[in-house]
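*Asks:* Sequence:
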Amino acid sequence: MSKPKCSEDDFIGLWRRLGGAAAVARELGCSERAVHERRRAVEKRRGIKLVTSVGKPISVGEVPQAANDDPPAQIGLDPEVKALKAQLAAIQRDSVDAEFVKRRIVKLTESVVEVPNWLSRRRDVPGELGVPTLFASDWHWAEVVDPRQINGVNEYNLAIAHKRAQKLIERTAHLLRRCLVGAKYPGIVFALGGDMVSGDIHEELQATNELEIMPTVVDLIGVLAWCIRELADEFGKVFVPCVSGNHGRNTKKIRAKGRNFTSFDWLTYVMLAKLFEGDSRVTFLIPDGPDAAWRVYGHRYLLTHGDQFRGGDGMIGALGPIIRGDHKKRSRSSQIDQGYDVLLLGHWHQLIQQQRLIVNGSLKGYDEYANANNFGFERARQALWITHPDHGITISMPVNVDDDRERTGADDWVSWPKAG
1 MSKPKCSEDD
11 FIGLWRRLGG
21 AAAVARELGC
31 SERAVHERRR
41 AVEKRRGIKL
51 VTSVGKPISV
61 GEVPQAANDD
71 PPAQIGLDPE
81 VKALKAQLAA
91 IQRDSVDAEF
101 VKRRIVKLTE
111 SVVEVPNWLS
121 RRRDVPGELG
131 VPTLFASDWH
141 WAEVVDPRQI
151 NGVNEYNLAI
161 AHKRAQKLIE
171 RTAHLLRRCL
181 VGAKYPGIVF
191 ALGGDMVSGD
201 IHEELQATNE
211 LEIMPTVVDL
221 IGVLAWCIRE
231 LADEFGKVFV
241 PCVSGNHGRN
251 TKKIRAKGRN
261 FTSFDWLTYV
271 MLAKLFEGDS
281 RVTFLIPDGP
291 DAAWRVYGHR
301 YLLTHGDQFR
311 GGDGMIGALG
321 PIIRGDHKKR
331 SRSSQIDQGY
341 DVLLLGHWHQ
351 LIQQQRLIVN
361 GSLKGYDEYA
371 NANNFGFERA
381 RQALWITHPD
391 HGITISMPVN
401 VDDDRERTGA
411 DDWVSWPKAG
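If you're matching positions, the sequence shown starts at 1 in the numbering used here and goes up one per residue.
Derived by calculation from the structure, the hints in this document are not laboratory data.
Note that the structure is a prediction, hence the values are computed from the model and not measured.
We put the beta carbon where it would ideally sit given N, CA and C, even for glycine.
Watch out, some of these pointers could steer you wrong.
Label-pair restraints from in silico Cβ distances [said to hold, decoys possible]:
1. Pro126 with Gln206: 53 to 59 Å
2. Arg33 with Asn151: 57 to 63 Å
3. Ala419 with Leu357: 26 to 32 Å
4. Gln206 with Arg33: 55 to 61 Å
5. Ile336 with Gly376: 32 to 38 Å
6. Thr394 with Asp337: 51 to 57 Å
Heads up, simulated BS3-like pairs for lysine-lysine below, C-alpha to C-alpha not over 25 Å straight-line [what the hints assert, rightly or not]:
7. Lys253 with Lys329
8. Lys329 with Lys257
9. Lys237 with Lys274
10. Lys44 with Lys5
11. Lys3 with Lys49
12. Lys184 with Lys167
13. Lys163 with Lys44
14. Lys49 with Lys5
15. Lys328 with Lys253
16. Lys237 with Lys167
17. Lys184 with Lys257
18. Lys237 with Lys184
19. Lys328 with Lys274
Build out the structure end to end from the sequences listed, making use of the hints.
*Replies:* Here is the structure:
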């Protein structure tokens with residue numbers, strides 16, 4: 001936008017009449033920044049102070065004269081009040097929080113999203129099994145896994161990541177449509193659990209990632225957009241709850257304050273929400289904190305990434321810290337009336353499905369870190385299950401996205417060792 005085109009006297013008159021930069025900018029057809037630059041120049045030249053309110057500009061050093069019976073508090077502006085107003089203005093000017101990004105920068109029309117009715121409304125539809133949930137996490141987009149360093153059991157790069165993302169959606173549709181013939185669904189939940197990008201959090205990742213972080217995010221947004229469109233075309237409606245992981249951060253250590261606002265995961269989600277803003281089939285839940293909560297037919301889910309759960313040893317593995325962390329989180333959540341039935345988390349790259357806990361696998365699969373630490377082999381796979389209105393989770397069917405492995409005796413529907 002151009003600079004304000006008017007004389008200083010006209011500018012002062014507009015400010016007095018309209019009372020602030022936003023209104024003056026609209027009147028003159030320029031940006032608020034340009035208005036503030038002009039205001040500062042006028043104040044410096046004229047020796048006045050243009051305040052953000054309708055009224056006469058006050059000259060520097062000038063104290064308005066009051067009648068003798070006016071109380072002292074009403075003479076001019078109390079210095080403490082002026083200081084507080086200046087502090088508040090500075091906070092409002094410098095604060096770039098989630099709401100500002102969503103509403104002012106990304107131009108999202110809605111930032112507080114209600115969970116769609118189809119997730120909670122019971123429907124008596126013959127053949128309807130419930131609501132499926134596809135849990136996508138730990139894609140580590142742009143990371144490279146070298147098969148030569150892990151005995152050839154896995155390979156990962158951007159080309160393979162693209163193929164696996166496509167397999168994930170196609171096999172999900174196959175499992176829900178072809179393997180459960182005639183089944184009907186009101187929609188699908190596509191939960192995004194964080195660590196969607198590899199990130200630059202370690203020196204070895206900075207040296208080996210296939211792309212820098214910005215083009216990585218652009219590429220990932222395109223793939224996730226395709227996934228969501230395919231799910232919407234297949235199942236009609238898609239609910240997308242999102243949380244950030246620890247790999248997408250742009251800080252040295254993960255932060256408790258403003259965790260999401262330094263995360264490329266969160267940026268990816270917000271840009272996707274903007275992309276689908278005009279598509280009534282798709283609803284996003286992007287919390288400002290580390291957890292996302294929703295209900296499916298009253299069945300309460302809580303999604304978190306899982307990097308807050310630490311510890312474990314060679315015998316008990318990941319399950320110890322995960323169960324301890326779940327216990328602490330349940331206790332805290334119940335104290336603030338935000339209890340849940342099932343905790344969903346990623347981070348550990350191991351598929352674990354229990355009654356009250358679902359830990360996701362990864363799109364990346366087995367890597368050099370897991371191999372060096374002698375972790376058990378885990379295929380590249382993501383969790384998929386169905387929530388029934390009466391029975392809760394009834395059907396679980398992991399989606400394997402790596403190459404299918406042939407097994408001895410695979411041609412027989414059942415076999416057993418026979419005595420010689």
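*Asks:* Now tell me if each hint is right for this structure.
*Replies:* Taking the hints in turn, this is what the structure says about them:
1. Pro126 with Gln206: 53 to 59 Å: Holds: the Cβ-Cβ distance is about 55 Å, inside 53 to 59 Å.
2. Arg33 with Asn151: 57 to 63 Å: holds, 58 Å
3. Ala419 with Leu357: 26 to 32 Å: violated, 42 Å
4. Gln206 with Arg33: 55 to 61 Å: violated, 35 Å
5. Ile336 with Gly376: 32 to 38 Å: Once the Cβ atoms are compared, 36 Å apart, the range 32 to 38 Å for Gly376 and Ile336 holds.
6. Thr394 with Asp337: 51 to 57 Å: Violated, since Thr394 and Asp337 (Cβ atoms, about 28 Å apart) do not stay within the stated range.
7. Lys253 with Lys329: holds, 22 Å
8. Lys329 with Lys257: Distance of about 18 Å is within 25 Å: holds.
9. Lys237 with Lys274: holds, 17 Å
10. Lys44 with Lys5: holds, 18 Å
11. Lys3 with Lys49: OK: Lys3 and Lys49 at ~20 Å, within 25 Å.
12. Lys184 with Lys167: It holds: about 22 Å lies between the C-alpha atoms, which stays within 25 Å.
13. Lys163 with Lys44: violated, 62 Å
14. Lys49 with Lys5: This hinted pair holds, its Cα atoms lying about 20 Å apart.
15. Lys328 with Lys253: holds, 23 Å
16. Lys237 with Lys167: With Cα atoms ~20 Å apart, Lys237 and Lys167 stay inside 25 Å; holds.
17. Lys184 with Lys257: Violated: Lys184 and Lys257 sit about 42 Å apart, past 25 Å.
18. Lys237 with Lys184: holds, 12 Å
19. Lys328 with Lys274: violated, 35 Å
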